[in-house]
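S.K.: Read off the chains here:
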Amino acid sequence: MVTDTNKPAPANWWRWFDPRQRDIGTWAFILNRITAIGLTIYLFLHLVVLYQLSQGPDAYDGFLELAKSPIIVIGELLVVIAAIYHGLNGIRIGLTTFTDTSPFQRAIFYVFTFITIVGSLIFAVRMFTA
Amino acid sequence: MIQTRADTKPGEGTGLWFVKILLGLFIIVLLLVHLIVNHYVGEGALLTWQNVVDYFSNPWIVFMEITFLFVVVSHSLIGMRSIILDLNPARGTMKIIDWFLIILGTGSIIYGIWLALKIASFGG
Numbered sequence: 127m128v129t130d131t132n133k134p135a136p137a138n139w140w141r142w143f144d145p146r147q148r149d150i151g152t153w154a155f156i157l158n159r160i161t162a163i164g165l166t167i168y169l170f171l172h173l174v175v176l177y178q179l180s181q182g183p184d185a186y187d188g189f190l191e192l193a194k195s196p197i198i199v200i201g202e203l204l205v206v207i208a209a210i211y212h213g214l215n216g217i218r219i220g221l222t223t224f225t226d227t228s229p230f231q232r233a234i235f236y237v238f239t240f241i242t243i244v245g246s247l248i249f250a251v252r253m254f255t256a
Numbered sequence: 175m176i177q178t179r180a181d182t183k184p185g186e187g188t189g190l191w192f193v194k195i196l197l198g199l200f201i202i203v204l205l206l207v208h209l210i211v212n213h214y215v216g217e218g219a220l221l222t223w224q225n226v227v228d229y230f231s232n233p234w235i236v237f238m239e240i241t242f243l244f245v246v247v248s249h250s251l252i253g254m255r256s257i258i259l260d261l262n263p264a265r266g267t268m269k270i271i272d273w274f275l276i277i278l279g280t281g282s283i284i285y286g287i288w289l290a291l292k293i294a295s296f297g298g
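Keeping their order, the protein sequence lines are chains A and B.
In our numbering, each residue's number is its place in the first sequence (first place is 1) plus 126.
In our numbering, each residue's number is its place in the second sequence (first place is 1) plus 174.
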C-alpha cells in the first residue's frame, strides 16, 4: 500500500534496491531493474565503441586486443548474464500478463533462473577458453 | 511491490506499454542471434574487423542488425522512461526527459544506421 511515507519520489529512488523483507517476486523485479539500467548504459557505450569499425582494421583490431583483457571479458560476461536474465524475465512477465500462468510465476522464475545460470556458464566457458 | 504482470502506469499510455512489450519479445529472438554470433562464434569469442565486414556483406544481416538496433534502442529508452515514471517526477520534468529520450533515441538510430551501412560498404 502506498502511503505518504513510502510514496515513490526522486529522493527515494534507492528504495527500489533495498533487499530487506522482499519476496521472490520483488527480487525478480529488483534484478529486472538493475539489469535494465545496466544494459541501457552498456548499449550506448557499445554504440560509441563500435565507431572504431568505421576507422578500419587497425583501429578496431587494436581495440580488440584491449577487449581480450580479463577485466573487459568479465564485464562482457556480466552483460551476457544480464541480457539472458532480462530476456527470460521478460518472457515470464509476458506469460503471467497474457496467459493464465500467474499461479506458477514463482516456479517459472526458478526455472528461468536455472536457465540463466546454465546459459551464463556456457558463455563463460567459451569466452574464457576460446 | 511484486511484479507479476506488465501493467501500464500513470503517464504511460496503453499504446506505448504495448510497444514496449512487443519490442521486448522481438528483441529476444534478435538478441539470441546477436549474442551467439558476436560473443560465441568468433576466435576469442570476438569478431575481428574482417569477420564483421564479412558478416555485414549479407544484406539480410544488415537489415537484421538495423532492425535489432531500432528495437533495442526503442525498448531500452521506453523502459528507462517507465522506470523514471515510477519516481513520480513533476509533469514539466517529465516533458524535458521525454524530449531528451526522443533526441537520444533518434540520434542513436541514425548513427547506428550510418555505421551499419559504412561497415557494409567495406565489403565492396
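Simulated from the structure, these hints should not be mistaken for laboratory data.
Where a beta carbon is used, it is the ideal one built from N, C-alpha and C, also for glycine.
Check before you lean on any hint, since a few could be wrong.
Claimed, not checked - Below, a sample of chain B positions facing chain A; criterion: calculated Cβ distance under 8 Å:
hint, residue
1, V193
2, L197
3, T280
4, I284
5, G286
To be verified - Derived CB-CB ranges, DEER-like:
hint, chain 1, residue 1, chain 2, residue 2, range
6, A, D226, B, Y285, 36 to 46 Å
7, A, D184, B, V193, 33 to 43 Å
8, B, W273, A, D226, 34 to 44 Å
9, A, N138, B, N212, 31 to 41 Å
10, B, V193, A, N138, 22 to 32 Å
11, A, I200, B, G281, 28 to 38 Å
12, A, D226, B, N232, 18 to 28 Å
13, A, F254, B, W273, 22 to 32 Å
14, A, F170, B, L291, 14 to 24 Å
15, B, N262, A, R148, 13 to 23 Å
16, A, G188, B, L190, 22 to 32 Å
17, B, W273, A, P136, 14 to 24 Å
18, A, I200, B, V211, 32 to 42 Å
S.K.: None of the hints should be skipped; say for each whether it holds.
M.R.: Okay, the hints, checked on the actual structure:
| no. | hint | in the structure |
| --- | --- | --- |
| 1 | V193 | violated (14 Å) |
| 2 | L197 | violated (10 Å) |
| 3 | T280 | violated (13 Å) |
| 4 | I284 | violated (11 Å) |
| 5 | G286 | holds (6 Å) |
| 6 | A:D226 <-> B:Y285: 36 to 46 Å | holds (43 Å) |
| 7 | A:D184 <-> B:V193: 33 to 43 Å | holds (41 Å) |
| 8 | B:W273 <-> A:D226: 34 to 44 Å | holds (40 Å) |
| 9 | A:N138 <-> B:N212: 31 to 41 Å | holds (38 Å) |
| 10 | B:V193 <-> A:N138: 22 to 32 Å | holds (28 Å) |
| 11 | A:I200 <-> B:G281: 28 to 38 Å | holds (30 Å) |
| 12 | A:D226 <-> B:N232: 18 to 28 Å | violated (41 Å) |
| 13 | A:F254 <-> B:W273: 22 to 32 Å | violated (43 Å) |
| 14 | A:F170 <-> B:L291: 14 to 24 Å | holds (20 Å) |
| 15 | B:N262 <-> A:R148: 13 to 23 Å | holds (21 Å) |
| 16 | A:G188 <-> B:L190: 22 to 32 Å | violated (42 Å) |
| 17 | B:W273 <-> A:P136: 14 to 24 Å | holds (18 Å) |
| 18 | A:I200 <-> B:V211: 32 to 42 Å | violated (21 Å) |
The structure fails to meet hints 1, 2, 3, 4, 12, 13, 16 and 18 from the earlier list, while all remaining hints are met.
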